[in-house]
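Residue numbers (our numbering): 1 to 610.
One thing to keep in mind: the hints can contain errors.
Here are the in silico distance ranges between beta carbons for each label pair [as the list claims (entries may be wrong)]:
{"hint": "1", "residue 1": "Pro-41", "residue 2": "Ile-321", "range": "55 to 61 Å"}
{"hint": "2", "residue 1": "Arg-577", "residue 2": "Glu-389", "range": "17 to 23 Å"}
{"hint": "3", "residue 1": "Asn-72", "residue 2": "Ile-11", "range": "53 to 59 Å"}
{"hint": "4", "residue 1": "Ser-308", "residue 2": "Ser-348", "range": "51 to 57 Å"}
It is worth saying that the hints were derived from the structure and are not from the lab.
For clarity, every value in this text was computed on a predicted model and none was experimentally measured.
C-beta: ideal position from N, C-alpha, C; glycine also.
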Amino acid sequence: MNDVADLRMLIGLAHRQVRTILAVALPIFLLSVAVLFSLSPRYTAQSLVLVDTSSKNLLDPNTAATSGLTDNSRVEGEVRIVRSDAVLLDVIRDGNLLDPEFTSNGFMEPLLAVVGLKRTASSGDKAIGAVLDSFRYAVRVRREGLTYLITVGVTSKDAEKAARLANLVTAVYIKKQVEAKVANTVSAGKILEHQVTAARDVLAQNERNLDLFVTSHGNLQAAGSLQQLRLADAQFGETASDARGPNYGRGVSSEIVTQYYALQQSAQVARTQYQNLLTRLQDFEAQASLQVADSRVVSAALAPIEPSYPRKGLVFAIVAILALGLGIGGALLREFFIGGFTSEDQVSAVLNIPLASVTPDQAGSEVEKPHGRGLSDTIMSAPLSLFSESLRRIRVSLDQTLLRNAGILEPETETGVVVMVASALSGEGRSTLATSLARTYALAGKRTLLVDCDLRKPSIHRHVDREPTSAFVNLLRGEPDPGLANMVVTDHATNLSVILGARPAEFPTDELLMGPRVRKLLERARQHFDYIIVDTPPMEAAVDALYLARLSDAVLFVVQWATTPQKAARKAVTALRGHTRDAAPIIAVLNRQDQRKWFAVGGHYVLASA
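My request is simple: use the sequences and hints to build the entire structure.
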């Protein structure tokens, strides 16, 4: 049941605030649609690149060079390289992108055209820099998850151009990758050339040292000795016994032979090192011409059919939802913060005062004006109606609050109770409610007096169908007191005693109500009546109610359902708190609740609880 009630409350809120929702949502939606159709479509073409992180050596395919980087960081690094300025600058030059699409200054061009100005064209490096800044936003490079695939996308106003540029970006990237590998190989080759030169010099020096040693020792050239040593030198690596012949070492000391062999071995090591370096240098020269890229294009970019921007269907849906959400937000803001009150909890929470009852709106019903005088006649003509029951709830709540707060209604209490009925604005049903409440007390057998203190626009006489009199106003203006009995008229329908007001006053009425005469009048009325109901002018229009609040035992504050602004109601209640007696309670009434369309259940109205 609560869910049904909440749903109906939401429907009722939408019904009440439909103008607010449309006023907020419709302009936003129409403006968004206008902007959407004014945007130039853009197309995005994408190519797919695979990064192979394995080492590639065509001279030795089985050799795998180790890398200090992990495969994951290697792929992420390739993504950054594709988006680097070096790659994009080559694309700009190769693709001749110094055209209006990438040289225009975004939104500035149309704005300057509107005011009749023209931006000065840049040239040289400035023009290329401007194109680079614009083209950088047109290129999107991302890694596909944790795979080795990289998507390279380019956005352009022309579909064919987008595909061409996407393929050009990947081509330039792969070309630069090969060029980098070739440059690294050439750089390593140059370093190796220096090492080969140094090794050649070392080898030549060792050979010279060996020849000088042999020349300086003539006995090494003796018959058989030199030939045997040369043989040993040629057969370096064999054992000494294999190199020695029958005439080996004849006439040569062992120390000289040892020195000779040391020089001979140094020359041989230098020769081997030189040969190895020379072989590696030849390999590097061959690799420089055999380098291949580590990345390859898996799928080349094709011209897209549908534009990637703007996606009108998606944008329409998002804008519609956003506009509706803002419209609902505006409705909620107006309903619960700026606009009126629509629930009992809202009244209590915002105004911080208890709520006596919620009265239904009877406009258009059969019992609205049964005798042609007003809605207050419903108390007699339809005593079991929702309106009549809500008035009895106000009476019960008022009596219980007075008894609990001040003990005013104790049996031994002989004086009457002054209840002031106030509202923040005019037209909230304050006078109707005051008359109806006074009649409920009169019908319940209580001695009740209704005083029309709205001297600027008196209306109680229309509710009780009596002619207005000026006795009350004349008393307040200083004329002799005619006596309470001479000022009071009787409501024929309920025997309610009423002090009527005269025609609308053309002078400040607060000066009359702040004097001692109205105090004395109410003190005398307390001696003869159980309840004195005082109708006051709206607080936004006059300060009269603040003077009367000082003389009242309780204040009934009327708030019109979904109409009274919360700010005005809070301001009025704050003012009343500063002028009422310490123990005088302020009780709210939510008046004219519209239940006919949105809160009916089973053909009967749901009665709001106090």
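Hint check results:
1. Pro-41 - Ile-321: 55 to 61 Å: violated (23 Å)
2. Arg-577 - Glu-389: 17 to 23 Å: violated (30 Å)
3. Asn-72 - Ile-11: 53 to 59 Å: Once the Cβ atoms are compared, 55 Å apart, the range 53 to 59 Å for Ile-11 and Asn-72 holds.
4. Ser-308 - Ser-348: 51 to 57 Å: holds (54 Å)
Consistency with the previously given hints fails for numbers 1 and 2, ordered from lowest to highest.
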